[in-house]
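A.B. asks: Take a look at the letters that make up each chain.
There are 2 protein chains.
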Amino acid sequence: MQVNGHHQRTIQARTDGRISIIDQTCLPQAYTRVSIQTSDEMARAIRNMQVRGAPLIGAAAAWGVALAMAEQADDESLAKAIAELANTRPTAVNLHWALKRMQTLLQPLSEIKRAEAAWKEAQAISDEDVASNRAIGETGAALIEELAAEKSDGEAVNILTHCNAGWLGTVDYGTALAPIWLATERGLKVHVWVDETRPRCQGALTAWELRQQGIPHTVIVDNAGGHLMQQGKVDVVIVGCDRVAANGDVANKIGTYLKALAARDNNVPFFVAVPTSTIDWDIESGEDILIEERNGDEVRQLNGVEVYPSVTEVSNPGFDITRTRLITGYISERGLLRKLSDLDVEETEPAEVAAA
Amino acid sequence: MQVNGHHQRTIQARTDGRISIIDQTCLPQAYTRVSIQTSDEMARAIRNMQVRGAPLIGAAAAWGVALAMAEQADDESLAKAIAELANTRPTAVNLHWALKRMQTLLQPLSEIKRAEAAWKEAQAISDEDVASNRAIGETGAALIEELAAEKSDGEAVNILTHCNAGWLGTVDYGTALAPIWLATERGLKVHVWVDETRPRCQGALTAWELRQQGIPHTVIVDNAGGHLMQQGKVDVVIVGCDRVAANGDVANKIGTYLKALAARDNNVPFFVAVPTSTIDWDIESGEDILIEERNGDEVRQLNGVEVYPSVTEVSNPGFDITRTRLITGYISERGLLRKLSDLDVEETEPAEVAAA
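Those sequence lines, one after another, are chains A and B. Going by the numbering used here, the first sequence runs without a break in its numbering and finishes at 365. Going by the numbering used here, the second sequence runs without a break in its numbering and finishes at 365.
What the hints contain is simulated information worked out from the structure, not anything from laboratory work. The C-beta atom is built at its ideal place from N, Cα and C for all residues, glycine as well. One or more of the hints may lead you astray.
[Stated by the list, open to error] Ranges between beta-carbon positions, derived for each pair: (1) A:Thr113 with B:Glu302: 37 to 47 angstroms; (2) B:Glu301 with A:Glu159: 23 to 33 angstroms; (3) B:His16 with A:Glu293: 47 to 57 angstroms; (4) B:Glu302 with A:Ala140: 41 to 51 angstroms.
[Said to hold, decoys possible] Covered by chain A, according to a simulated footprint, are these stretches of chain B (three or more residues, beta-carbon under 8 angstroms): (5) 101-107; (6) 259-266.
[What the hints assert, rightly or not] Okay, the calculated bits of chain A under chain B, using three or more residues with CB under 8 angstroms as the criterion: (7) 201-207; (8) 231-242; (9) 310-318.
Bound conformation, chain A alone (with noise of 0.2 angstroms):
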């Protein structure tokens, strides 16, 4: 996407063999990219959440290993990698997704090709990533025209999102901002509820990506979203997902449940875009998903403000389980999906599905 003018991705590799992310703890405030040198920086960086977005953190770890590889290509070097990078953020699917696909390729492999297999394999998944969001865009655009035909001249398809699933999220597009890109290309008019979405407010990362495009859009606190849907202010609710299980239940960022029940109690379909990557086959459903708890000063505090005395309570789940009950579809690269089930399953993942 564009920042300033000028295209840019999330991640991409330097000629000099670092890693240029964008430390996205300085946004909205300052547009600052980082150059990572080790897999010990990027496993910090994955945990600080100077990348983070389920997509971006696949890529992230997947270079990780690159850079990992290129150090030192053993197998200790290669499993400790892969260990580490692991246990960054425990929710994110594609995190794991991306660590097994790098070692199903660089283990058989001798020392001596693993670096520039993995070096390979860190930019494929990477451009697979973004043709994988711009399909998504495709789908959700496709949508939100439907919407827009149901509109006067000159009027919006109002899009409420939650969290930042933008492009900030991935490598480029974004999974739940691809659609408004795409709609916008195609030269449809529409407007954007960004819920701040507390504790770490990454709805200022969403307001940041919708300014840097020019499309109209509004911040609103995350207690706002059901108040709008009853005024018959939203048309259609569109997030994104750390994790789906094979049954369809989602794991988002904490408080996407609550705006999916509102949605569905003001008749507002709730689209969840979700890359095939993003799908855990071998879990069953949202309740054995494993919820994140993460340190409560990032509810104390805001932007290194205390809101709290440090003497408080505080709990500090990161995500939780919106039901498939809940949801009207999934916008994925494949198309539009009522249900998961309308995946072809064997096509989409053959390995898992074998080993499942």
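Let chain A serve as the given structure and place chain B on it in line with the hints.
C.D. replies: Using the frame of chain A, we list chain B on its own:
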């Protein structure tokens, strides 16, 4: 309630003819009392939310009229004070209820009698609020007692609350928190999930009150409540209200509706603490309640720190409507009501009903 071990009311007349309030914008960082000398100052204190919470706003408005009468008791001064005070917070019905009560009393009186009568009436409104809230506490404590009976020994009843409907929102005891104080007095073990309640984070006030009384509690972001209910970690939701329509629909702090939806989805009882003065019999349903749109800087900033750049478009509705179908019952000073029509309306509001 207790502050640092001493009993205090949120608003009290001083012997020098001023009114002492707590500057609640300084909480929880500092407990500061401020002296209010004029009706103008009181209107400003209400508008700036130095005093806040529907019942306290009612008492504060009454004291505002009393201050105006002490200064100048002619019809013009009375009309001006009432108009100015009525204009501060459009959604709070107690404000209008208290002002109407003051006007009904004062208008027929000769100028010379107004100052003393106004002072006595403001004191009576304050005292009645305290008695009413204590009665709400008794009703609600009985409910909590029922829930405690289903628990194993030593297990706390988990109560979720939104915004601050505690002591600070009233003259004393609070509404939604009154049952918690009285349950604790009865020796019941409770734990409170405190919604932080963006944009203004009144959850920080609730946490401060609970800490002052030594009651276990945990602050959560507004996004987390649904997840906690899915996990079976919430036994009951108790919230306050700013205005109740005749059909039982409730206007309360933005986000209340989302918690009511989650409660229904998880079979968690959802109660609203309702002083009957909060019921607006002239308003048929929630659809007819005016929702205040507040200043966007409340969202853009938190504790004076910028979260979103000032160019960010923001919407900031202050309240939402929770339909009566989502409400298990109303905890009133006249007992527990399954629906509002259980109230003996004739007895409650004869003047209003006759006027309708």
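A.B. asks: Now tell me, hint by hint, if it's right for this structure.
C.D. replies: Do the hints match the structure? See the list:
no.: 1; hint: A:Thr113 with B:Glu302: 37 to 47 angstroms; verdict: 55 angstroms, violated
no.: 2; hint: B:Glu301 with A:Glu159: 23 to 33 angstroms; verdict: 31 angstroms, holds
no.: 3; hint: B:His16 with A:Glu293: 47 to 57 angstroms; verdict: 56 angstroms, holds
no.: 4; hint: B:Glu302 with A:Ala140: 41 to 51 angstroms; verdict: 43 angstroms, holds
no.: 5; hint: 101-107; verdict: violated (count 0)
no.: 6; hint: 259-266; verdict: holds (count 4)
no.: 7; hint: 201-207; verdict: holds (count 4)
no.: 8; hint: 231-242; verdict: holds (count 8)
no.: 9; hint: 310-318; verdict: holds (count 7)
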